[in-house]
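Chemist: All chains, please: the whole structure from these sequences, using the hints.
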Amino acid sequence: MLDALDRRLIVATQAGLPLVPRPYEALAQQLGVSAGEVQTRLARMLEAGIIRRIGAVPNHYALGYRHNGMTVWDVDDERIDALGQQVGALPFVTHCYRRPRHLPDWPYNLFAMVHGRDRGETEAAISEIAQLLGPACRAYEVLYSSRILKKSGLRLTG
Amino acid sequence: MRLETVAACLDETDRALINALQQGFPLCDEPFAAVGAALGLSEEAVLHRLSDLLARGVLTRFGPLFQIEKLGGAFVLAAMRVPAEDYDRIAELVNALPEVAHNYRREHAFNMWFVLATETPERIADVIAYIESITGLKVYAFPKEREYFVGLKLDA
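Residue numbers (the working numbering), protein chains in the order written: chain A, 1 to 158; chain B, 1 to 156.
Possibly wrong hints are sitting among the right ones.
[Unchecked claim] Just the calculated beta-carbon pair ranges, DEER-fashion:
#: 1; chain 1: B; residue 1: P26; chain 2: A; residue 2: L132; range: 26 to 36 Å
#: 2; chain 1: A; residue 1: T40; chain 2: B; residue 2: L65; range: 17 to 27 Å
#: 3; chain 1: A; residue 1: T40; chain 2: B; residue 2: E107; range: 23 to 33 Å
#: 4; chain 1: B; residue 1: K70; chain 2: A; residue 2: Y144; range: 42 to 52 Å
[Said to hold, decoys possible] With a straight-line cut-off of 20 Å between C-alpha atoms, the simulated DMTMM-like cross-links for lysine to aspartate or glutamate are:
#: 5; chain 1: B; residue 1: K144; chain 2: A; residue 2: D76
#: 6; chain 1: A; residue 1: K150; chain 2: B; residue 2: E92
#: 7; chain 1: B; residue 1: K144; chain 2: A; residue 2: D77
#: 8; chain 1: B; residue 1: K138; chain 2: A; residue 2: D105
#: 9; chain 1: B; residue 1: K144; chain 2: A; residue 2: E78
#: 10; chain 1: B; residue 1: K144; chain 2: A; residue 2: D105
#: 11; chain 1: B; residue 1: K144; chain 2: B; residue 2: E119
#: 12; chain 1: A; residue 1: K150; chain 2: B; residue 2: E122
#: 13; chain 1: A; residue 1: K150; chain 2: B; residue 2: E132
#: 14; chain 1: B; residue 1: K70; chain 2: B; residue 2: E122
#: 15; chain 1: B; residue 1: K144; chain 2: A; residue 2: D6
#: 16; chain 1: A; residue 1: K150; chain 2: B; residue 2: D88
#: 17; chain 1: B; residue 1: K138; chain 2: B; residue 2: E92
#: 18; chain 1: A; residue 1: K151; chain 2: B; residue 2: E119
#: 19; chain 1: B; residue 1: K70; chain 2: A; residue 2: D3
#: 20; chain 1: A; residue 1: K151; chain 2: B; residue 2: D14
#: 21; chain 1: B; residue 1: K144; chain 2: A; residue 2: E141
#: 22; chain 1: B; residue 1: K144; chain 2: B; residue 2: E44
#: 23; chain 1: A; residue 1: K150; chain 2: B; residue 2: D86
#: 24; chain 1: B; residue 1: K70; chain 2: A; residue 2: E47
#: 25; chain 1: A; residue 1: K151; chain 2: B; residue 2: D88
#: 26; chain 1: B; residue 1: K70; chain 2: A; residue 2: D74
#: 27; chain 1: B; residue 1: K144; chain 2: A; residue 2: D81
#: 28; chain 1: A; residue 1: K151; chain 2: B; residue 2: E145
[Claimed, not checked] Listed next, the stretches of chain B that the computed footprint assigns to chain A, with coverage defined by at least 3 CB atoms under 8 Å from CB atoms of chain A:
#: 29; stretch: 10 to 22
#: 30; stretch: 40 to 52
#: 31; stretch: 64 to 78
#: 32; stretch: 99 to 113
#: 33; stretch: 134 to 148
Keep in mind that the hints were calculated from the coordinates and are not lab data.
Please read these numbers as outputs of a predicted model, since none were measured by experiment.
Think of the CB as a built atom: it goes at the ideal place given N, C-alpha and C, for glycine as much as any other residue.
Modeler: Laid out in structure tokens, this is it:
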């Protein structure tokens, strides 16, 4: 589990890594430990899945992916896990989850975020998912976002 | 904020750098030099371009991406069906809560979709009950039951 140093390391890096030639050394100085210790701790958290990855998160819109839809699918419970893996592996899908239905208001149990550079690309992507799911899917909808009302990250306070 | 594209003028080198940095970042003493070596760029050029991409908003983050659930916290997607005439007022009430990390308007009867982030899973139910009490609307929670593998993604 996480100890106090791990937690301090998380707090120190959650806004990002320092943009200097030796970023782990910069963190180490800030935390009063060695650069090797910082690298070891980060490697351990990667291994444990506490850190998904170290890297860059692009703004989809800035990359030209303007047509982004949340696609939701009512998929046979027996087959959703096998099919969900395949949907997640498609190149234009950035998130893919199984979530609960709320019957009768909400019948959909598979959620996949789809990104395209134009409407045609997004629609082609959606047809590809529909084809992949085949008769295991009873119905689907696409929810396009029309406005970001709020976007802030989660921040641990240490 | 409206959903508009940042005028992104990215050159081939920016795109190669973004693609490389989406995949991961090395744990070594001089990681920017290592990334540069693989792309034929100097350490200085990598740092300069990366700072610029962050400043322009082409990249929203650079660093470790934490999985909150593994830290004992919770992250739950939720939605509401908000009457159109009352939308702005309800959005303001919901956005005012610090536990609401993201909130999107979507074109559907379920037209408000937000993510609740709390430091403990127990707190999610309290926040949902509170939102229902201040808005008078039912909150539908969509906790992740399973996450399907998602590989590396958007080509810059």
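Chemist: Each hint: holds or not?
Modeler: Structure-based check of each hint:
1. P26(B) to L132(A): 26 to 36 Å: Between P26(B) and L132(A), where Cβ atoms are some 35 Å apart, the hint holds.
2. T40(A) to L65(B): 17 to 27 Å: For L65(B) against T40(A), whose Cβ atoms are near 19 Å apart, the range 17 to 27 Å holds.
3. T40(A) to E107(B): 23 to 33 Å: Once the Cβ atoms are compared, 48 Å apart, the range 23 to 33 Å for E107(B) and T40(A) is violated.
4. K70(B) to Y144(A): 42 to 52 Å: The hinted range 42 to 52 Å is violated for K70(B) and Y144(A), with Cβ atoms some 32 Å apart.
5. K144(B) to D76(A): OK: K144(B) and D76(A) at ~17 Å, within 20 Å.
6. K150(A) to E92(B): Holds, at roughly 10 Å.
7. K144(B) to D77(A): Holds. K144(B) to D77(A) sits at ~15 Å (cutoff 20 Å).
8. K138(B) to D105(A): holds (11 Å)
9. K144(B) to E78(A): holds (17 Å)
10. K144(B) to D105(A): holds (18 Å)
11. K144(B) to E119(B): holds (16 Å)
12. K150(A) to E122(B): With Cα atoms ~23 Å apart, K150(A) and E122(B) exceed 20 Å; violated.
13. K150(A) to E132(B): holds (19 Å)
14. K70(B) to E122(B): Answer holds: K70(B) to E122(B) is near 15 Å, not above 20 Å.
15. K144(B) to D6(A): violated (26 Å)
16. K150(A) to D88(B): Judged against 20 Å, a Cα distance of about 12 Å means the pair holds.
17. K138(B) to E92(B): Measuring from Cα to Cα gives roughly 17 Å; hence the hint holds.
18. K151(A) to E119(B): The given pair, whose Cα atoms are some 18 Å apart, holds under the 20 Å limit.
19. K70(B) to D3(A): The given pair, whose Cα atoms are some 13 Å apart, holds under the 20 Å limit.
20. K151(A) to D14(B): Not OK: K151(A) and D14(B) at ~25 Å, beyond 20 Å, violated.
21. K144(B) to E141(A): holds (19 Å)
22. K144(B) to E44(B): Judged against 20 Å, a Cα distance of about 41 Å means the pair is violated.
23. K150(A) to D86(B): Answer holds: K150(A) to D86(B) is near 17 Å, not above 20 Å.
24. K70(B) to E47(A): holds (12 Å)
25. K151(A) to D88(B): At roughly 16 Å apart (the allowed maximum being 20 Å), D88(B) and K151(A) satisfy the hint.
26. K70(B) to D74(A): violated (29 Å)
27. K144(B) to D81(A): holds (13 Å)
28. K151(A) to E145(B): violated (23 Å)
29. 10 to 22: holds (count 4)
30. 40 to 52: It holds: at least three residues are needed, and the stretch 40 to 52 of chain B offers 4 whose Cβ sits within less than 8 Å of chain A.
31. 64 to 78: holds (count 10)
32. 99 to 113: holds (count 12)
33. 134 to 148: Coverage by chain A holds for the stretch 134 to 148 of chain B (9 residues, Cβ < 8 Å).
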